[in-house]
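J.: Construct the complete structure from the given sequences, taking the supplied hints into account.
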Amino acid sequence: MSVGDAGEGPQASVQLSFSGATARVRPDGWGEGGVVLEIDGAEQSHVIPAHPERIRYEYLRRIAHLGDLIGEPGEPIAAAHLGAGALTLPRYVQATRPGSAQVAVEIERELPGFITRHLRLPPGTDLRVVIDDARAALPGLRSAAGMGSAQGFDLVVVDIFAGADSPAHLACRDFYAEALAQLGSRGILAVNVGDDPPLDFFVAQAAALDAAAADAGLPGPWTLTDAGMLTGRCPGNLILAAGPGLGEEHRARLEAAGPHPAAVLDPVRTRAFRP
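Read in order, the letters of the sequence shown correspond to residues 1196 to 1470 in the numbering used here.
Hints are computed from structural coordinates only; laboratory data are not their basis. As the structure is a computational prediction, the values presented were derived from the model and not from experiment.
Just the calculated beta-carbon pair ranges, DEER-fashion: (1) T1217 - E1444: 42 to 48 Å; (2) P1393 - R1315: 39 to 45 Å; (3) W1225 - A1422: 23 to 29 Å; (4) E1443 - S1208: 42 to 48 Å; (5) G1269 - P1393: 39 to 45 Å; (6) Q1346 - R1315: 26 to 32 Å; (7) D1360 - A1339: 26 to 32 Å; (8) Q1346 - E1267: 15 to 21 Å; (9) D1360 - E1248: 30 to 36 Å; (10) R1251 - S1380: 31 to 37 Å; (11) G1236 - G1453: 25 to 31 Å.
Cβ atoms here follow ideal geometry from the backbone N, Cα and C, with glycine treated the same way.
T.: Next comes the structure, spelled out in structure tokens:
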């Protein structure tokens, strides 16, 4: 029996060679067959293998709603995921847009195989995995996904940051410029920024992405988060999003999609944000 089928049943773990941490999957205790991925005891991700269209973590739901903006509902897209975790978003993309071409980059060699052995992917998932540093993998990302050099991704997700301790070569303007260059004409770059009060790391990342977007001739980043995060007094996640596929016409849809209470800041408000 796999963990995803087990209710309150078995757990599984693996030692990760890059960080030396221990990854563990365990039932979430909430029902529906949900499973939590822990890294050294800290919750890192959550999936419901039997219902991949259901996302419990709010920040991942906000990213999923950005992906929902692309093209027509159900239309396959090309998606890249920098940071694999439990593959929550690749599962969602396949469930809602069957036939999508996807690639995931993960620096922990053991993690993707461990996850897919214990938590099966949706039938028909076309997901290729690259074991590498997220920035080092960018030049070969299209090839790894089976795409032509002239094609661009519809969605690029960056979910690798750990606040102010994030690697400097990733938390910078040049990295964002290289990530934006992977997008196609309707593409969106979504960056998860986890931070603690007073959100100095988030403010720095917003400025870095704003500068990279300006260099690319694109509007600055939008911010999606829980409204309570705008006080600057709470730890949590804020999503930065930029790219040719995101504009003012999407504001109302993102505000309505939640999770609530939702805050959606346009590039002007993101640029001015100081908690």
